[in-house]
Amino acid sequence: MALSSHAISNLVRRTRDFTERPRFAKGNVELWANLLIISWAAAFMLWQGVGFAITVSTVFAIWAILAVSLNLVVGYTGLLSVGHIGFFGIGAYAMAILSSDASYEQLRTEAIPTFGWPFFAALPISVVLAGLVAVVVGVAFNRFRDDIYVLVSFGFAVIAFNLFLNWRPLTRGAFGIHEIARPEIGGWTLSGPFEFLVLALVFLGIVVLISWFIVTSSFGRVLRAIREDEQAIEVFGYQTAHYKLAIWVISAMMAGLAGALFGSWTSFIDPNSFVLLESILLVSIVILGGLATIWGSILGAMAFVMLEEGMRFLPFLPPEFIGQARQVVLGILLVLLMLFRPQGLVGRFRL
Amino acid sequence: MSLAQLRAAPLGAWTRFREHHSRALATVLTTAVIAYVAWKIFQSPSQALQFAFNGLPVGAVYALLAMGFTLVYSTVWFFDLYYGAAAALGAYGVFYLRSQDFLGGRYDVNNHFVNIAFALVVAGVVAWALHVNFHSRLRTRLSPTALRAVGGAPSLAIGVYMWLVLANPNQLNAMLSPVIGALVAAVAFWLLHRGYGRLADNSRPISVLALAPPAAALGSYCGFLVAATPDANLYLSWGVSCVLAGAVSLALYRGLYVYMRLRAKSPLIMLVASLGILLAITAITTIIFRAAPRPLPEAFGSDVWTVAGANIKGFNVFAIGVAMAGFAGLLLLLKKTAFGTAVRAIGDDEEVSKVVGINTTVVIAVVFFIGAIFAALAGILSGHDTAIQPRMGLLLLLKGWIASVIGGIGNLHGAIIGGFALGMIEQFGIWDLAGEWKDVISFVVLIVFLSFWPQGLLPRR
Numbered sequence: 000m001a002l003s004s005h006a007i008s009n010l011v012r013r014t015r016d017f018t019e020r021p022r023f024a025k026g027n028v029e030l031w032a033n034l035l036i037i038s039w040a041a042a043f044m045l046w047q048g049v050g051f052a053i054t055v056s057t058v059f060a061i062w063a064i065l066a067v068s069l070n071l072v073v074g075y076t077g078l079l080s081v082g083h084i085g086f087f088g089i090g091a092y093a094m095a096i097l098s099s100d101a102s103y104e105q106l107r108t109e110a111i112p113t114f115g116w117p118f119f120a121a122l123p124i125s126v127v128l129a130g131l132v133a134v135v136v137g138v139a140f141n142r143f144r145d146d147i148y149v150l151v152s153f154g155f156a157v158i159a160f161n162l163f164l165n166w167r168p169l170t171r172g173a174f175g176i177h178e179i180a181r182p183e184i185g186g187w188t189l190s191g192p193f194e195f196l197v198l199a200l201v202f203l204g205i206v207v208l209i210s211w212f213i214v215t216s217s218f219g220r221v222l223r224a225i226r227e228d229e230q231a232i233e234v235f236g237y238q239t240a241h242y243k244l245a246i247w248v249i250s251a252m253m254a255g256l257a258g259a260l261f262g263s264w265t266s267f268i269d270p271n272s273f274v275l276l277e278s279i280l281l282v283s284i285v286i287l288g289g290l291a292t293i294w295g296s297i298l299g300a301m302a303f304v305m306l307e308e309g310m311r312f313l314p315f316l317p318p319e320f321i322g323q324a325r326q327v328v329l330g331i332l333l334v335l336l337m338l339f340r341p342q343g344l345v346g347r348f349r350l
Numbered sequence: 000m001s002l003a004q005l006r007a008a009p010l011g012a013w014t015r016f017r018e019h020h021s022r023a024l025a026t027v028l029t030t031a032v033i034a035y036v037a038w039k040i041f042q043s044p045s046q047a048l049q050f051a052f053n054g055l056p057v058g059a060v061y062a063l064l065a066m067g068f069t070l071v072y073s074t075v076w077f078f079d080l081y082y083g084a085a086a087a088l089g090a091y092g093v094f095y096l097r098s099q100d101f102l103g104g105r106y107d108v109n110n111h112f113v114n115i116a117f118a119l120v121v122a123g124v125v126a127w128a129l130h131v132n133f134h135s136r137l138r139t140r141l142s143p144t145a146l147r148a149v150g151g152a153p154s155l156a157i158g159v160y161m162w163l164v165l166a167n168p169n170q171l172n173a174m175l176s177p178v179i180g181a182l183v184a185a186v187a188f189w190l191l192h193r194g195y196g197r198l199a200d201n202s203r204p205i206s207v208l209a210l211a212p213p214a215a216a217l218g219s220y221c222g223f224l225v226a227a228t229p230d231a232n233l234y235l236s237w238g239v240s241c242v243l244a245g246a247v248s249l250a251l252y253r254g255l256y257v258y259m260r261l262r263a264k265s266p267l268i269m270l271v272a273s274l275g276i277l278l279a280i281t282a283i284t285t286i287i288f289r290a291a292p293r294p295l296p297e298a299f300g301s302d303v304w305t306v307a308g309a310n311i312k313g314f315n316v317f318a319i320g321v322a323m324a325g326f327a328g329l330l331l332l333l334k335k336t337a338f339g340t341a342v343r344a345i346g347d348d349e350e351v352s353k354v355v356g357i358n359t360t361v362v363i364a365v366v367f368f369i370g371a372i373f374a375a376l377a378g379i380l381s382g383h384d385t386a387i388q389p390r391m392g393l394l395l396l397l398k399g400w401i402a403s404v405i406g407g408i409g410n411l412h413g414a415i416i417g418g419f420a421l422g423m424i425e426q427f428g429i430w431d432l433a434g435e436w437k438d439v440i441s442f443v444v445l446i447v448f449l450s451f452w453p454q455g456l457l458p459r460r
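Going down the list, the sequences are from chains X and S. Mapping of the first sequence onto numbering that gives the first Met the number 0: position 273 corresponds to residue 272, and the numbering continues sequentially without gaps. Mapping of the second sequence onto numbering that gives the first Met the number 0: position 13 corresponds to residue 12, and the numbering continues sequentially without gaps.
For the record, the hints were derived by calculation from the structure and aren't laboratory data. It is possible that part of the hints are untrue.
[Said to hold, decoys possible] To spell it out: a stretch of chain X is covered by chain S in this simulated footprint if at least three of its residues, at any positions, have a beta carbon under 8 Å from a beta carbon of chain S; those stretches are:
id : region
1  : 145 to 154
2  : 158 to 164
3  : 268 to 279
4  : 335 to 349
Beta carbons are placed, not taken as given, at the ideal position from N, Cα and C, and that holds for glycine.
Based on the sequences and whatever the hints tell you, model everything.
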């Protein structure tokens, strides 16, 4: 392949993410987005009190882990995956099956294998399981790109959802799994919501730290180069398939972690938490917050959670339509973003 | 840096193996599938025929979806996910228009906001169509005010008419009979004119006065016939909801995609934007109609035919016929008319087509309209066959997408073959598995196809 020095220098330039020209308050969308979302969140929590704040923050932490992990694939590597909820579900189901209370479970109609492990024993297994599935899926998906990648990742989400719903001897289908174990450290059970929130935030911190480490390393630079021009970086001798597979597996393991946390937090899961729609919402969080920034994903998750909570207080909106109204707003936001700001609110990469 | 030198791992070996032996693997897979089907037919021929009869109507729906999808994709080269919403809109349009009548009006959802919104969309689309067709010709002759009146009055009138039609769904036949009469008269006049031109001496054109009375008589007779049959309401509502889905598609194209295609660097931007549209429309549908599955009223052909021990509903035969007719019509349109040539030219190179004088905006708009009508038809047919729910759109969209990938993206013959193949594969696949694995089967088929035949069965030439 002929590759001019111009193309190479272009590639090198583009792998450094752009930063916007610093502006004063008026045109600085990033600043205003940050201010608006954070102050909105803070005001809401102050208004609604501690219990509300703890619940909302836990939801936020789980979505943020998912969004940060997906941003590694979508924002940094440029693979628009819409199937990430599958790994979330695998983590949640692994946690549920490994740790739900065996004596309680056997009372129910359909017996499924349960192990009754403690949370911290089941957690690594859930994460590794999500990673193993990701290896298989990633090897199959590695050759696809762009539109076709979107289609096959839709396919992964649909297949995963159908497995959760229909593999009844393992998941009990639509009835779901109850009594999932709460985390326990040396005899001290983190049963209260506040303790769980702290745990979720610690895991969010770990995920952010790992992601930050990845994206600032040379590994992250290769990922960005793959996003910009896969053939050019192949010419330099990089095995792009390995890089794509590696980031895919890492991201899936983070999503599995989020799923395990989610299962333990709600202590009951059923397939409805892992439908294709949730996956699309997750992608829209990542795009809304900003592609190729970790902070953007956190901000996007905050905006997403706050959007729902904010809609709860609209007087003309019946409570059963909140989810749908949020979906309408997100859909319109996606269109507007694609028109005017394809990098998202604080993004560093234009789709 | 050691990470940069990751080499010679099993992944490369698998890729090499797949690349070198893909033909052998494909042959093995095909043989296995054929052997499975042959074994099943040998086991129980009548049951195999029954499964084929189940698969064909499903395949017809997928084929319709794939044809419209492939038409749009091979013209503009991005995946328009509004397409799924069009399928859901078509089905829910029929439900909306029939909800006052069937099941004792239990699901009556007729609502002024919805009526006025759709009337506005239609009026806007008509105004744009008038603008595109007549503005440049009349601009020099009329003052701007007169131009606005000339464009605005008909579109306003059509919008009001649409609003009246939507607001009185149980008198669809009376409301629509003038339109149908006029359409029949126009078609009859055109046919007579063409036929006379072919048969008789071309040098002496026949007077319009000689042809107009019979055409007008036929048109008014048909109009009265429609106005006198309340049973026609269901089928008229099919037409209305197809047109509405098409109008929304046109509005989206003109209001959004035109600007976006100028700015977008990659097709993914368009894909994500249309994903947002799909999300929003699905949610609005859910707000209006609720998430629970709903039935559509019974269409004709509920009686069952028995052929060699296997049953098929008359309506399913009709669905297959619709898919075939859609294929034939689209093929004629693309291969025999100037419009089809323009569509293919735009698919090959949009810039050059602009340079040679094709009005690409209009041609692409018509392509979007046709695509949305195909989707809406598919949604209606599948809705009458099973039930409708707001999230059916996304699943139908994905099935259409899979079918067009299987058939070969951008190839019309491939689309119909892929659609029927996907329907049959799903049905034969659930013979030994349970019916709930249908979606898994079709996506596994997709991944297998993309791995071994990434070009599909019939690649685009």
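We went through each hint and held it up to the structure:
1. With 8 residues bearing a CB less than 8 Å from a CB of chain S, the region 145 to 154 of chain X meets the requirement of three and the coverage assertion stands.
2. Residue count for the region 158 to 164 of chain X with a Cβ under 8 Å from a Cβ of chain S: 4. That meets the three needed, and the coverage hint holds.
3. Coverage of the region 268 to 279 of chain X by chain S holds [criterion: at least 3 residues with CB-CB distance below 8 Å; count 3].
4. Only residues whose C-beta sits within less than 8 Å of a C-beta in chain S count toward coverage, and the region 335 to 349 of chain X has 4 of them, enough to reach three; the restraint holds.
Violated hints are absent here; each numbered hint is respected by the structure.
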